[in-house]
Amino acid sequence: MRAAAAQQGWVQLVADYLSDPASWQGEGGLWQRLVEHVVLSGVAVAVAVVVAVPLGVLLGHTGRGGGLAVAVGNVGRAVPILALIALLFMLPAPFGPGDVSVVVALALFALPPLLTNTHTGMREVDRATVEAARGMGMSARQLVLRVELPLAVPLLLTGVRLAALQTVATASVAGLVAGPGLGRIVSEGFVTYTPSRYLGAALLIAVLALAVEGVLVLLQRSLDRVGRARRGSRRRAGAPPAEDGVAALGFTAP
Amino acid sequence: MLLGGLGAHARTLSEGCLVRNDWLCPEYLTSRRPELLAATWEHVWITLLSVAAGLVLALPLALLARRWRPVKALLMGGSTVVYSIPSLALIPVMVPFTGLTPWTVVVPLALYSVAVLLRNAVTGLDGVPAQVVDAARGMGFGPARLLLRVELPLAVPAILAGLRVATVSTVAMTTIGGIVGFGGLGTLLIQGQQTNFRSQVLTAAVLVVLIAVVADLLLLALQRLLVRRPRARAARAPEPLLPAEEAA
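As given, the protein sequences belong to chains G and D, one line each in that order.
Residue 37 in the UniProt record's numbering sits at position 37 of the first sequence; the count goes up by one each step and never skips.
Residue 223 in the UniProt record's numbering sits at position 223 of the second sequence; the count goes up by one each step and never skips.
Pulled out of the complex, with its shape left as it was, chain D reads as follows:
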């Protein structure tokens, strides 16, 4: 009862910022919380689904590209073409196939992710030293074990670098989905601009950048975790130096 009373009091005090159409308006955050959370969540899952689908498609394609040269030329050329087509062209063209559903946004975004990830995966796999492959074969590794235990782990840094680029860009590009009503925070951006609702536009813009930064930091942490392991193992000899370094 008491809390409710305080809330009502605070509302009458700060409601002015909505009426004045301020850029910064705490009242907007509280009064539109469900709408904001829903848009943020939509933004996150559209991004996640697109990048995940891109990764799932890109890895087998990279393996195919590595096996057959013509396929590689075709896939690389194709990914360059896909990459050159603006999302505002690709999303509308999806509508006859997928209607006004989230897929209309997810499919193009996934294709862009494939374009980036495929390139990085091929670069990563090509970068595995021939001696390492020979050594593994000499140790009796079959093709499957060679791929899973030697080649893919060595290609991880390149793939992760591509994953960071693809994720951050997809977060930004998801906003374009607002044109078919599935753009997460992008939908709020468009609506806010149309109705000259300043705090909505600024809040949505800041949240998109925030999502991109958080996603990038999470992937950076993953990168550190996965990529440091072999280095740490190799650097086992000068271990006594590490504490001194930390102290410095």
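Just chain G, with the same shape it has in the complex:
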């Protein structure tokens, strides 16, 4: 009975905190931290896409570096992002505690899912299709831009979705070492023994992650329809490539 009453108390506390306009406003308020969180994640994913996709396309096209893609993924899984952010925060400028360090750390962690999925997408392209394109006299450049890359788009999009989800999740970690983002409010809540703050911000982080996942799944589905139409009915009967979240992402969400 008492436990149930206590649980109810927590819920009330969080509801009060989240519905109070004062907790959203001002310096270090929920609103500011939420915007920081989303903007830094977005910039980090964009940077990672710019680096990883051309590299993945190149490696996939030449058929080299499959081992590299896997190795990058394995190393990324073993290094805790908290350690990387803490170290970057202690380095001199342009690093140090701030946005640059967070973006760099997040972008580094977004590389593996992007690189492996782009690489796999390029390698999964039917060899017969590639041979046919070569036979038609396509140059390497045409082959990449007009055959391989368009066919790799579905997996590439999966990579972007996984990277974005993971980045939104890991961005919270910066708050543990007094960095920007919603994790900061969780951290401050624990330091000041204010359960409403750490519970409220934690709830917001979970909702944000699930919302990002939901939006990206819908976006991917609508974009993939283009790819599907282009491929028409030539869809291979074989098992689809490992597009599954856990299989491709590994276990990198912190």
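If you are wondering where the hints come from, they were derived from the structure by calculation, not from laboratory data.
Worth double-checking, as some hints may not be accurate.
Stated by the list, open to error - With a straight-line Cα cutoff of 25 Å, these simulated SDA-like cross-link-like pairs (lysine to any residue) come out: (1) K72(D) / R149(D); (2) K72(D) / V128(D); (3) K72(D) / Q131(D); (4) K72(D) / V217(G); (5) K72(D) / V150(D); (6) K72(D) / A130(D); (7) K72(D) / L57(D); (8) K72(D) / P157(D); (9) K72(D) / R221(G); (10) K72(D) / E151(D); (11) K72(D) / P143(D); (12) K72(D) / G16(D); (13) K72(D) / L210(G); (14) K72(D) / P60(D); (15) K72(D) / I159(D); (16) K72(D) / G214(G); (17) K72(D) / V104(G); (18) K72(D) / L218(G).
As the list claims (entries may be wrong) - To give a feel for the contact side, a few chain G residues facing chain D, derived at Cβ under 8 Å: (19) R77; (20) A78; (21) V79; (22) F89; (23) V173; (24) A202; (25) I205; (26) L210.
What the hints assert, rightly or not - Reference excerpt, derived from the structure (chain D facing chain G, CB under 7 Å, subset only): (27) V93; (28) P96; (29) I179; (30) I190; (31) A205.
Heads up, the beta-carbon is just placed ideally off N, CA and C, and yes, glycines get one too.
We have chain G already, so just place chain D on it with the hints.
Then chain D, alone, in the frame of chain G:
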């Protein structure tokens, strides 16, 4: 007496690295040894407990999922949702239930392990060829014997692959537990960053990666041990080739 004197002498010489706040500082390792060992041990047992609990939960769930389709859809969907929730959200939400105890960290980490292991266990069990199951049934194997002697052994490679992923990731994620003071080396990372203690942050970071690498190598060895056996048995015929291969 002599050793103590030498120790004191060495200390005055190398103490500078703590004062200078060097990244690499042997003096840190010796002067904070108990603290470091305690944090490392905490890190290891939190990881072990979480992954073990995840494995113990995932296997029966995988069997349930295989028997009833609706359960499978529910569990797979549920594990995807759990997997999408950041640990920094799940750990604080545990506090009303478990307080500031190690369970606040272990329960979320175990849930993440379940998410990975369940998927791999279901994949592994689904991958058992139907002919093999039929043959075993034809030989008079009951459901229990079929599971223990045929299906589970054949699913071991997939389960072990999941176990490696879950373990390595859990080692890294345990650091997040530092927010409630049960993050093993993660607690040292946070404290070190707050006090600008360079050697502490670098040492803790390196130790976390080291734990992950050692755990992965141990599981790799286990994988080799368990998975090679049927292959070696099948490859009994060309045995004379093996020494030549070794020589090459």
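key: Structure versus earlier hints - violations, ascending order   = 12, 17
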